[in-house]
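Protein chains in written order, with the numbering used here: chain A, 1 to 308; chain B, 1 to 308.
The set of hints was computed from the structure by calculation and includes no laboratory data. Just to be clear, a hint being listed does not mean it is correct.
Which copy is meant is left open, because identical chains are indistinguishable; a pair holds if it fits in one copy or across any two.
To be verified - Calculated cross-link-like contacts (lysine-lysine; reagent style BS3-like; alpha-carbon spacing at most 30 Å):
| no. | residue 1 | residue 2 |
| --- | --- | --- |
| 1 | Lys96 | Lys113 |
| 2 | Lys245 | Lys113 |
| 3 | Lys49 | Lys96 |
| 4 | Lys177 | Lys49 |
| 5 | Lys54 | Lys276 |
| 6 | Lys179 | Lys161 |
| 7 | Lys49 | Lys299 |
| 8 | Lys256 | Lys113 |
| 9 | Lys156 | Lys141 |
| 10 | Lys276 | Lys56 |
| 11 | Lys161 | Lys113 |
| 12 | Lys141 | Lys49 |
| 13 | Lys161 | Lys96 |
| 14 | Lys299 | Lys276 |
| 15 | Lys84 | Lys161 |
This one's a predicted model, so the numbers in the text were calculated from it and none came from an experiment.
Number of protein chains: 2
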Amino acid sequence: MPFELTILGSSSAIPTSERYPTAQVLNALGRFFLIDCGEGTQIQIRRQKIGFGKIKHIFISHLHGDHYYGLIGLISTFNLLGLKNDIHIYSLSQLKDIIQPQLDFLKGDLQFKVIFHPLNFKKPQLIYEDRRVEVVSFPLKHSINCCGFLFREKEKEANIKKECIEQYNIPIAQIVKIKQGADFITETGETIPHEVLTTPPPSPRSYAFCSDTAFFPTVTEVIKNVNLLYHEATFTEELRDWAIKTYHSTALDAAKIAQMAHAGKLIIGHFSSRYKTTEPFLAEARTVFQNTEVVVDGKTYVIGNKLH
Amino acid sequence: MPFELTILGSSSAIPTSERYPTAQVLNALGRFFLIDCGEGTQIQIRRQKIGFGKIKHIFISHLHGDHYYGLIGLISTFNLLGLKNDIHIYSLSQLKDIIQPQLDFLKGDLQFKVIFHPLNFKKPQLIYEDRRVEVVSFPLKHSINCCGFLFREKEKEANIKKECIEQYNIPIAQIVKIKQGADFITETGETIPHEVLTTPPPSPRSYAFCSDTAFFPTVTEVIKNVNLLYHEATFTEELRDWAIKTYHSTALDAAKIAQMAHAGKLIIGHFSSRYKTTEPFLAEARTVFQNTEVVVDGKTYVIGNKLH
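Extracted from the complex, chain A is given alone in its bound form:
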């Protein structure tokens, strides 16, 4: 089952001719989570040939325009296409006050509900959960309220060895329990340990999105051992004063967070338009965390569980 991230936009506040404002789509086992929604997101979604109807959950890290100005256009297009799925938006509660007056001007009535879920900017919070996947928001340290998001598979059950089923004549009812962790007692009263009967499940895959933030090591408690980490890197150390002033990170900051969190891989974006190339960002991050990549709009990252 897929667990992969596609970058739709990766500029900082001012888009460039190559980079759209922030937006990403995570395909987590067939669930398409949209993370931030900068201007032009709907155009990028179409270019990536992602079906609009698959997007039902939208996570908005904070209310600077480059992270949400594409939302109204996307909802409008959902409506024009006749989609019927309710849309869940996880954000600062005031987003509703901004979006609603625009919804009132849409062509025709909305055929679906837009349901707003307020984020908690004080502490981590489980904001989405189903049988296989969960999403946790966690506070970042920016000039306004801002959250990151951790997406992770739930622990899977162990795989039972086929040869053991035959060898010990295990009934179907018992198989379910063994997969969940039980031992097995044979007809002769012998206890066969769970570990003997099963192979361990693949470890759950995870992705963390650290949106606009100053250097903030507190997040490493939440995102510990994450397979893939996106962390903003608006500046390099050369402009550390600007990073401090604007509550943004340098590439070095991002790399330190990846290192402290024992992340499998780091991807960086949100580069200031002051920079002509991304090479200085990459070089700086790799001094601390070698497995770093600079994101590119349109690129998909397959998230494995063997990254670290």
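Using the hints provided, position chain B relative to the given structure of chain A.
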């Protein structure tokens, strides 16, 4: 002096991977008029290498999202770039109620004023005028209030013939009057007619933007003899029922308007995303009006006064 139009976006309500929502820039003798501002306009402006600081007047035909959702992002970018020019927006008055709550959320205070000028949806109106250029809005016939815009140079003065200045020994003070239409009386009392002394000025150039509208021949009174006419063509005759239902035009409708207005050249856009190619639009329009072109995002049309 330039009088040229650049297409930034030309899709209908739902953008495609090749066409952005409606936006155009007219460079009229160095004045950069932005006409409609669909989502992604700021990205397209940057791609066209048009300086953001040049845009001071924005004309919004109507409040369907594909014609204005890019406005807040553009204003936000003006602010982030530290621009100081006031921005004049010509639109339905309610646009202010939609934009203001979003302006309140911008990073930092605006360094310039955003001045809204309400359009008249009942009759043509002169909405902008300076020494060289004027802009007239005129009502269209759409499902909501919608205006088109006519941009035109003012009449220029005649050019005085150099050889006449010498021949008749015309003083400088008289030259100004002659250029404006006066005859000249020589020292011997002979009257030299204005027509003898001058060559006529080049006829003023003009551009008309007919945004979303059903077939509406009334507009041809306002845009008569326009050099370049943009007219929406959302459908072809095959889908005339849809055109009627949605208050849009077919390519044939657009061509008839161009013909009735004696336009020099017709360009069409706003094609429904139902169509895979634009060939049927072009073929249909040319049955009535040969000098028709299908617009392409990024293309610039130099507007001459010899088009008709």
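To see whether the hints hold, each was checked on the structure:
In the homo-oligomer, the alpha carbons of Lys96 and Lys113 lie at most 30 Å apart both inside one protomer (12 Å) and across protomers (26 Å), since each shortest distance falls under that limit. Proximity of Lys245 and Lys113 under a CA criterion of 30 Å is satisfied inter-copy only: 26 Å between copies versus 39 Å inside one chain copy. For the identical chains of this complex, Lys49 and Lys96 are intra-copy neighbours only, at 28 Å inside a copy versus 35 Å across copies, given an alpha-carbon limit of 30 Å. Proximity of Lys177 to Lys49 under the C-alpha cut-off of 30 Å is found in neither arrangement, the shortest distances being 41 Å within a copy and 65 Å between copies.
Within a single copy, Lys54 and Lys276 get their C-alpha atoms only as close as 36 Å, which misses the 30 Å cut-off; across copies the closest is 23 Å, which meets it. Taking identical chains as interchangeable, the C-alpha atoms of Lys179 and Lys161 lie at most 30 Å apart only when both belong to the same chain, with a minimum of 10 Å there against 100 Å between chains. Within a single copy, Lys49 and Lys299 get their C-alpha atoms as close as 13 Å, and across copies as close as 26 Å, so both meet the 30 Å cut-off. For the identical chains of this complex, Lys256 and Lys113 are neighbours neither inside a copy (41 Å) nor across copies (42 Å), given an alpha-carbon limit of 30 Å.
Neither within a single protomer nor between protomers do Lys156 and Lys141 lie at most 30 Å apart by alpha-carbon distance, with minima of 33 Å and 60 Å respectively. Taking the closest pair of Cα atoms, Lys276 and Lys56 come within 30 Å of each other only across two copies (28 Å); inside a single copy the shortest separation is 36 Å, beyond that limit. Taking CA atoms no more than 30 Å apart as the test, Lys161 paired with Lys113 passes in neither setting, with 46 Å inside one copy and 71 Å between copies. Taking CA atoms no more than 30 Å apart as the test, Lys141 paired with Lys49 passes in neither setting, with 34 Å inside one copy and 35 Å between copies.
In this assembly of identical chains, the alpha carbons of Lys161 and Lys96 never lie at most 30 Å apart, being 51 Å within a copy and 67 Å across copies at closest. For the identical chains of this complex, Lys299 and Lys276 are neighbours both inside a copy (20 Å) and across copies (26 Å), given an alpha-carbon limit of 30 Å. Neither within a single protomer nor between protomers do Lys84 and Lys161 lie at most 30 Å apart by alpha-carbon distance, with minima of 43 Å and 71 Å respectively.
Checked against the numbered hints above, the structure breaks hints 4, 8, 9, 11, 12, 13, 15 and satisfies the rest.
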